[in-house]
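Chain by chain, the residues run as shown.
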Amino acid sequence: MSQTTPAPHGTGGASAFDGQPPAAPAGDSLTRDAWRRLKQNRAAMCSLVVMAVIVLACLIGPWLTPFELDEVDWNAIGTGPDLASGHVFGTDVNGRDLLTRTLHGGQISLSVALVATFVSLVIGVLYGAVSGYFGGRTDNLMMRFVDIMYSLPFMFLVILLMVVFGRNIFLIYAAIGAVEWLDMSRIVRGQVLALKKREFVEAAHALGVRDLQVVTRHLIPNALGPVIVYVTLTVPKVILLESFLSFLGLGVQEPLTSWGVLISEGKDMMETAPWMLLVPSAFLAATLFCLNFLGDGLRDALDPKTR
Amino acid sequence: MTSSPSTSGTSSSLPPARNAADQARADTLTRLGLAAEAPGTPPLMEINDLKVDFQLPDGAVPAVKGVSFTLNKGETLALVGESGSGKSVTSTAILRLLPELAEIKGAIRLRGEDLLSASTRRMRELRGNRIATVFQEPMTSLNPLHRIGRQIIEVLALHRDLKGRAARHKALELLEQVGIPEPARRIDSYPHELSGGQRQRVMIAIALACEPDLLIADEPTTALDVTVQAQILRLLKSLQQRYGMAILFITHDLSIVRHFADRVCVMRHGELLETGATHDVFESPQHAYTRMLIDAEPAGEKAPVAADAPVLLSARDVRVSFTIKRPLFGPKVAFEAVRGIDLEVRRGQTIGIVGESGSGKSTLGRALLRLLKSQGQISFDGVDIMPLDKSGMRPLRSRMQVVFQDPFGSLSPRLTVGEIISEGLRVHHPELNRAQRDARVCDALSEVSLDPGMRNRYPHEFSGGQRQRIAIARALVLKPEFLLLDEPTSALDRSVQVTVIDLLRDLQARHGLTYLFISHDLAVVRALSDHLIVMKEGEVVESGSTHAIFEAPRERYTRELMQAAFAPDLGQTHH
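In order, the protein sequence lines correspond to chains A and B. The number in my numbering is simply the position in the first sequence, starting from 1, with 471 added. For the record, in the second sequence the residue sitting at position 246 is 228 according to my numbering, with numbers rising by one throughout.
Treat the hints with care, as some may be off.
What the hints assert, rightly or not - In silico DSS-like pairs for lysine-lysine, Cα to Cα no more than 30 Å straight-line:
#1 B:Lys461 - A:Lys668
#2 A:Lys667 - B:Lys355
#3 B:Lys47 - B:Lys33
#4 A:Lys667 - B:Lys372
#5 A:Lys738 - A:Lys708
If you are wondering where the hints come from, they were derived from the structure by calculation, not from laboratory data. Note that the coordinates shown come from a computational prediction; the quantities given were computed from them, not determined experimentally.
Model the full assembly from the supplied sequences, consistent with the hints where possible.
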């Protein structure tokens, strides 16, 4: 090892590099590394593209189609896909354009997924990290609370909320979010329990770093791999939950719709108007496929063992 | 690859072709344990121009680049090299246990049989039967859910078709041979009920179950304490004499090899640099790298400080206990890891704490820095630090810093090197702006002889030695007076170790640092410290000036430690 010129030590702020630290090229960061590996995963990249197309279509599609969400076309009631009339995917039994309704429904389904996942991410990660980091009695109390939440039947919770607050789309967000963060907090807690014994955490303690900083700078970033993967698995789960609620009639209200509602309506007309079931199902299935492939790809890309 | 002219072994000129009758005769003789080791006997194993490439997405990475050597019956061949030299890949290739992305070329012959073209089924017959293996990690190479007797019997049932009482009888015999006390009781133990050394003995019993021709020992003693290490080596040696098997001994530690191996192969970067009889290689190494490895023993001593130097850290009757079990009712079950230690560190001094695993030396170190709960009295620079809480300790933290053992675990993988080093500055010098912090980080990096231009990189891009330098820089950036060094060189290759020791010594001289150096490695402690404390089971066995203890150890345990570390006697079995 070559020795460089000794720098003064213990002379206050004086530095050999005062004012002009040498340029430091950016390194190959973990995220960039993971992105590079994700790009090599063809299934994940295809899924990403398809996913983007679906999201874009749901966001701007309803304005581009020639029909309104609740516009009834008296000339085409319950007709199949037909290019001439403009109903590309046909109409429902009330003569409303199915494509428009499916894209609208996508907005609801995807936004529920986004909000509920975000809620579960924020609450779950913080709750789990705090519980795991402090351990002992704190951990015990916090985790028993999670156990109690787990033991409440989900449907009971939703119906209870309905009764108290009336039917409201935000209730669905809240109900799903309130349930989904439980899993997340368990996962993060497990990660943190393993991480907090690692030497870099001990080194942070030796530096006098504050607890909150240890959690946010050292523990959460290192637990992020499994968290990101779990998020991609939560999104389809939430969409399915919302579909399930709407399917039971506890979800969104007319004229608003969601993929779950459309599928529920479609299944009643399965024999006479199969497109009513097939179109929203195809959208939902495509989205779930994409997210699952994306989750797989992310898990591989973020796993240090594949490096 | 023809870059090293000395690659062919001393006796590889023999033709590999042998007829079946010859082979059968040799087999019978081996079974009877009568095979002669006459010169002219074909080698047991022959490796010819072995090449292993790993086909990674980024292209092929060569791990072994054309290695040739032979191994005779009853011989011990040591494959020596530092991490990344391809020694383990070579041994795994013999068993054909490499992952599928490894492409193996060349030839590996065991008794003339080409292993690389053998069927998977044939390989299964050979593994554990003709070729047996002992791995490094005795904690993980035994199945924790099965009793050890069952794990030995598994091999017997597989290759010898022994079952029931006969198998159990044989297993007992094996356990007795490998020196497990009370084998009749131990045969029904689970792995976690045994010590590390005993587990390694069980691994050896499993390996010996079928009386193999070749035993591959992949760093079998690296995870063990020195005294246990010597016992295991002695055991291997005596079993070799008894069974006449050949041993392929893979290690990074040349000092073991000197007393253990008949011949040595030195590897670096996948190439075989040098082969020869152990004595010749040690006496007149042909390759500069071999010479460097032999000389890489840390040298030098530290002069003691003046007797009236001020005391920086002192401890009285420090005790640390851990709660093992906290039953719902009844008293807690506690284990006392540190049992009343007194300690006085003077400015500029380096106190070495040596001890085997479980001696409480690391626990003591952490307790002194108040990273663990403890009882007793600890004062730093005249201030009693025991009653201080977290925020009370914070101002002192910048004056007492720590460097840990594992260079891979002690740096957060998701922060850049610059962020890691500057973290302490954020805590202790919040008045510094970004550019000033950056300048201090550059200072610290150049002090540990790293290029400051690398501070935006992430830890995974650095080697073990570089990471350890980063960890030292993280401690140094706060300009501490006292540095706790918890086995800072144990995870490093010998050649890297020496450079880190030089760095630590240099930093101490430049900044008047005070060190508390914890290690199990006596050679390193001798080179760095002027005062020595020997610990065993949480208590001080012996303490005094390093020079005096190394010259004339008073206690029996200290003598045992030194005997095992510096002059392991492996020739015969004795107690």
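Against the structure, the hints come out as follows:
no.	hint	result
1	B:Lys461 - A:Lys668	holds, 26 Å
2	A:Lys667 - B:Lys355	holds, 16 Å
3	B:Lys47 - B:Lys33	holds, 5 Å
4	A:Lys667 - B:Lys372	holds, 17 Å
5	A:Lys738 - A:Lys708	holds, 21 Å
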